[in-house]
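Protein chains: 2
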Amino acid sequence: MNLPGEVTIVEVGPRDGLQNEPAPIPTPLKLAFIEKLAASGLRQIEATSFVHPKAIPQLADAVEVARRLPATGSVTYSALVPNQRGLERALEVGIRRIAVFTAASESFTRKNIQMTIEESLATFAPVVRSAIEGGVSVRGYVSTAFVCPYEGDVPRARVREVALRLLDMGVDQVAISDTIGAASPKDVHDTVGELLSAISSEKIALHFHDTYGTALANVVAGLQLGITTFDSSAGGLGGCPYAPGASGNLATEDLVYLLDRMGIQTGVELHRIFEASCLMAEALGRRLPSRQWQRLKGALE
Amino acid sequence: MNLPGEVTIVEVGPRDGLQNEPAPIPTPLKLAFIEKLAASGLRQIEATSFVHPKAIPQLADAVEVARRLPATGSVTYSALVPNQRGLERALEVGIRRIAVFTAASESFTRKNIQMTIEESLATFAPVVRSAIEGGVSVRGYVSTAFVCPYEGDVPRARVREVALRLLDMGVDQVAISDTIGAASPKDVHDTVGELLSAISSEKIALHFHDTYGTALANVVAGLQLGITTFDSSAGGLGGCPYAPGASGNLATEDLVYLLDRMGIQTGVELHRIFEASCLMAEALGRRLPSRQWQRLKGALE
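Just so you know, the protein sequences line up as chains A and B, in that order. Everything in the first sequence is counted per our numbering, starting at 1 for the first residue and increasing by one. Everything in the second sequence is counted per our numbering, starting at 1 for the first residue and increasing by one.
Bound-form chain A, shown alone (with noise of 0.2 Å):
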């Protein structure tokens, strides 16, 4: 089996994670949850959002979040952005990578954005390249690259040209999302296979939602494929609360076992992001999704 020995996780519970939940965690306990992430031996940590805080009020405190994060020298804090307000924002307080975000998928970029593609793209250029011009590392999210809730199967070609216009503009990486975890190992397959023709794997990260179960096949699908950056959240955090059954962000627990055990380094130890799932559990008052954190809470219990 063709594997690399090495893999990248972004982790995105802080913020992906979190941002559906209904009640919001109060500051101290996001800045302790990150600060066991950051102690679990993550190099990569998505830890908040500088969109409106009225459209998204979990994550509303995104200022002192910034501010009070654990300084560690290993740790890369990234921070979505959605416009140049948002970017002037995330500088005052010292990000340093951030993301923007558009979609494949033209009726999900206007229920999620309310914008065209094409709009997206010309509200993030600028964005972008102050960015860079900042010292600013910049992650383009490419959301519904498999399956769009409204269009059903997307294009592959339309994947690849929002993400080459992402690259183009100066993002050094594209983070291709399956939105609503419908992907199955093949649309992976042959749409990052089609990605690939064009973009180096080291440009291309894998963001996996696990509601149907198949993430980590996809996973497995894209390092097969050579890609070795994936995201996930603790814990699954992400579901969507108002869908009981949803699953949420593929779990970094998950990921990490599955990595672990066909011997690729992570560097990230599994035990930790427990620990720090748990806190989230705790706080939010009930069961995360991922298989690793029922296992071990379950051995707690």
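No lab work stands behind these hints, which were simulated from the structure alone. Check each hint, because a few of them may be wrong.
Identical copies look the same in the list; a pair holds intra-copy or inter-copy alike.
Below, a list of computed lysine to any residue pairs in the SDA-like style, where the Cα atoms sit at most 25 Å apart [unchecked claim]:
#1 Lys186 / Arg261
#2 Lys186 / His271
#3 Lys186 / Glu301
#4 Lys54 / His189
#5 Lys297 / Ala182
#6 Lys111 / Leu196
#7 Lys297 / Asn20
#8 Lys36 / Leu225
#9 Lys186 / Gln58
#10 Lys54 / Arg68
#11 Lys203 / Pro28
#12 Lys36 / Arg110
#13 Lys186 / Ile264
#14 Lys297 / Gln19
#15 Lys111 / Gly193
Go by the hints and put chain B onto chain A.
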């Protein structure tokens, strides 16, 4: 991506799924469950087990279940058989396919069936012979084929040896089983790859548990090797009730979703499996571990 066009699912919910539940399910309810499964398009259902009722009281109604199995020309019902006495009971009630079981790890075999592997093979040899003489076909389980809870990693050569011994005895298929659900796709690639050097792919079935969330990823590794028979359990039944977080067998709903999405034919209707699982969820008074079950259930709530 090199994938088979068609896959056979062996539904093991009524046996492997229910044998660990603390409360035995009333026989009429089991039969209603099996009836719904049989109506889903499944061709193979493991309906019960003729082990001693004291060993597995949950399946003490094996004779009654077998006598009242829904008549259908398209489904083959099988049953687990531990010895000659079990075979006689199974034959009396018209079972036409049986399964025998051993393991690839010595410690597990001793704990599970109080025999050495060699003794278990010696016990099963005459049972398999009698069955075949009576026109009954036989499948053989090889438990702990990847990881043993007592010994850790199980050598591939050992799995191959046990599988070949069973095939030599006359079983027409070996079910290579990840009993504790700890295997990764690399384990599947390595161990099943080794088996395929001596055994043709249609004689190999893969039986995964989803304790660590790797089951679907393992299925894909099997598909890539040309394996076309996979075991699963409706709803993901089969978790150990004494370990609250432990997940059960690979869920049939999750398997069907994956295969449908990859364009691989199964003949099984996902919604009918979901309906069957809902019967059991209600009887057990708990949510089932299947991601797909949780998603569909969430949409109804």
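Checked hints:
1. Lys186 / Arg261: Both: 23 Å inside a copy, 8 Å across copies.
2. Lys186 / His271: between (32 Å within a copy, 23 Å between copies)
3. Lys186 / Glu301: Classified as neither; 38 Å inside a copy, 31 Å across copies.
4. Lys54 / His189: neither (38 Å within a copy, 49 Å between copies)
5. Lys297 / Ala182: Between. Shortest inter-copy distance 17 Å satisfies the 25 Å Cα cut-off; intra-copy 27 Å does not.
6. Lys111 / Leu196: Answer is neither: 29 Å inside a copy and 50 Å across each miss the 25 Å cutoff.
7. Lys297 / Asn20: For Lys297 and Asn20, both the intra-copy (23 Å) and inter-copy (20 Å) Cα distances are at most 25 Å.
8. Lys36 / Leu225: neither (32 Å within a copy, 40 Å between copies)
9. Lys186 / Gln58: Intra 35 Å, inter 39 Å, cutoff 25 Å: neither.
10. Lys54 / Arg68: Answer is within; shortest intra-copy Cα gap is 22 Å, inter-copy 61 Å.
11. Lys203 / Pro28: Classified as neither: same-chain Cα gap 34 Å, cross-chain 57 Å, threshold 25 Å.
12. Lys36 / Arg110: For Lys36 and Arg110, neither the intra-copy (36 Å) nor the inter-copy (42 Å) Cα distance is at most 25 Å.
13. Lys186 / Ile264: Answer is both: 22 Å inside a copy and 11 Å across each meet the 25 Å cutoff.
14. Lys297 / Gln19: both (24 Å within a copy, 23 Å between copies)
15. Lys111 / Gly193: Neither, since 28 Å and 47 Å both go past 25 Å.
Against the hints set out earlier in the document, violations occur for numbers 3, 4, 6, 8, 9, 11, 12 and 15.
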